[in-house]
Amino acid sequence: MIVKEGRSVFKGVAIGRIFVYRRVQKAVSREQTEDTAAELQRYEAAKGKALEQLKGLYEKALREIGQEEAMIFDVHQMLLDDPDFNDSVHDIIENERMNAEYAVFMTCEQLAATFLNMDDEYMRGRAADVKDISGRVISILNGTQVSPEAMPEPVIILAEDLAPSETVQFDKSRLLSIVTQKGSANSHTAILARTMNIPSLVMTDIEPDPVYHGRKAIVDGFAGLIYIDPDEETMAKMIEKKGRTDAQRALLQEMKGKETVTKDGKHIRLYSNIGSVQDVDAVLENDSEGIGLFRSEFLYLGCDDYPGEELQFEAYRTVLSRMGGRKVIIRTLDIGADKQIDYFDLPKEENPALGFRAIRICLMREDVFRTQLRALLRASVYGALGIMFPMIISVKEIIRIRKIVEEVRLALERENIPVGDFELGIMIETPAAAIISDQLAPLVDFFSIGSNDLTQYTLAIDRQNPSLDAFFDPHHEAVLRLIQLTCENAHRHGAWCGICGELGADMELTAKFIQMGIDELSVSPGCTLELRKRIREC
Amino acid sequence: MKSFTYTVQDELGIHERPAGLLAKTAGAYKSVVMIDNGTKKVDAKRLMAIMSMGVKKGTTVAVTVEGEDEDAAASAIEEFFRTNF
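Protein sequence lines, in the order shown, are assigned to chains X and V.
The numbers in the numbering used here rise by one with no breaks, and the one at position 3 of the first sequence is 3.
Quick note: to get the numbering used here, add 1000 to the position in the second sequence (first position is 1).
Just chain X, with the same shape it has in the complex (with noise of 0.2 Å):
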């Protein structure tokens, strides 16, 4: 087994016969001619014939690809059009007498050296796209011009380089990956590769060597390696990963840009569950509707010391634009228990799950939650904005946190700083905000269900012990009948209620929580088009 090492310009896993490419190109002759007006003919005709084919493979790339792509083709074909590049053609035929190859060759050279002498390093890239369209006018001169269909089954493409315009010629329903010795990230091979979305690599350490031909070999794009004559566990390995991943993506091209609606039309929040300003990348491309569950302890955990309110007033706004006017909830400070913080300076306690966490710590803090407030406030105006505090269990500490959160809004307003709209809502994650829910309903505009939380206190059993596990129920009938009741207060008193921990995405209760009248699900990133298609048979 051979293994190399290439820069990956799109994650995937192809697995095939390697099919070594290499343009066919004969010396360029040079020769007297007498007749120039027939060289000129020559010339004309094989640009003539060049444009066309160049007009082709232009409609050919927008229609499979896009027109950002297809535009290339057509700046080939103003190119080879140019009067500079036409002169000197001209010039070279008609005054030194020379064939049209060798005339069409030196007019290349010479452009080429201008745009390579250029302290850019996109217009240097340009050399590249003189180079391609004389290539074309002179392998159709010279006869040497050959159809690439020649593949006689799905390949892996090895080459030195690829022109666009002969990524863009191979048949696509044959071009498994295309793996270069040369090419950049940025080349337009490297965006064509992740527009067709196959994984390919650039800068291979592999010269594109005819011993290669027909032999097997294994791309993985998401490590950035070419595996040639694998062996069976790394064969077995990849067929595993690239099973994965095309299940996954079959996924996305199925469900992508569809409803998430029961088949009685309910139409069912679909949202995500993330914990950094990153994850969003994530969410966008699994086609989530928001954001259920943005936690915001990373922007604690981060530092040595409280974050301050630009800090998070920063991550909070790229969040809100980035999902460009879909629901973003943003959960206050969630720390203790599990999760520490040295510079909180909490105490030891014998019992952190029962103890000074979450919520009860904002509300001994003002200050840290006041900066929170803030930061949150003013980012309103960015998105549609929901804040949601963890960790409630009494009437008392939401008329608490309104009236802290009105007063931020007020000294706001003082300071002429611009506040948008937005929503307030509350975890439900204890036995006793589930049981008091008809309360706790008339204050909030959301509920959203902390399973996690909710199953531990309901059951009395550490999720952390392993050695409870023979007691543990998922589905225990307790914690349904309390997410039931939840549903059905905040229903009652016109607030909206969602689910966020892991029950959200466990696929054998889907049907029962649309029956209970759930009407958001926020799962991570990951489970969202998989959800999507469970609800849709719901």
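Hints in this document: simulated from the structure, not taken from any laboratory.
No experiment lies behind these values; they were computed from the predicted model shown.
Ideal placement from N, C-alpha and C gives every residue a C-beta, glycine not left out.
Among the clues, some could well be false.
The calculated label-pair distances, taken between Cβ atoms and stated as ranges, are [what the hints assert, rightly or not]:
id: 1; chain 1: X; residue 1: GLN32; chain 2: V; residue 2: ALA1072; range: 46 to 52 Å
id: 2; chain 1: X; residue 1: ASN117; chain 2: V; residue 2: ALA1072; range: 32 to 38 Å
id: 3; chain 1: V; residue 1: ASP1071; chain 2: X; residue 2: ARG30; range: 45 to 51 Å
Model the placement of chain V on the given structure of chain X, informed by the hints.
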């Protein structure tokens, strides 16, 4: 003759695709359109020539338009610079 100056805002400068569109825009008029970046003066109807100037972000170029349709051409080309570069 009409003329205007423009300072390029685009991160990539006057790059390939919009340069092609610029040449097309200029080519639609009878007037002679020249772009001067201070060291080189080129015909705006010629794509290779425009690209070979290598105009970067922050560079100020002077554009002159001369011919029977210079009024229309100058305003169209100035508008093109504002929206694309």
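Status of the hints after comparison with the structure:
1. X:GLN32 / V:ALA1072: 46 to 52 Å: Distance hint for GLN32 (chain X), ALA1072 (chain V) holds at roughly 48 Å.
2. X:ASN117 / V:ALA1072: 32 to 38 Å: holds (37 Å)
3. V:ASP1071 / X:ARG30: 45 to 51 Å: holds (50 Å)
When the structure is compared with the earlier hints, no violation turns up for any of them.
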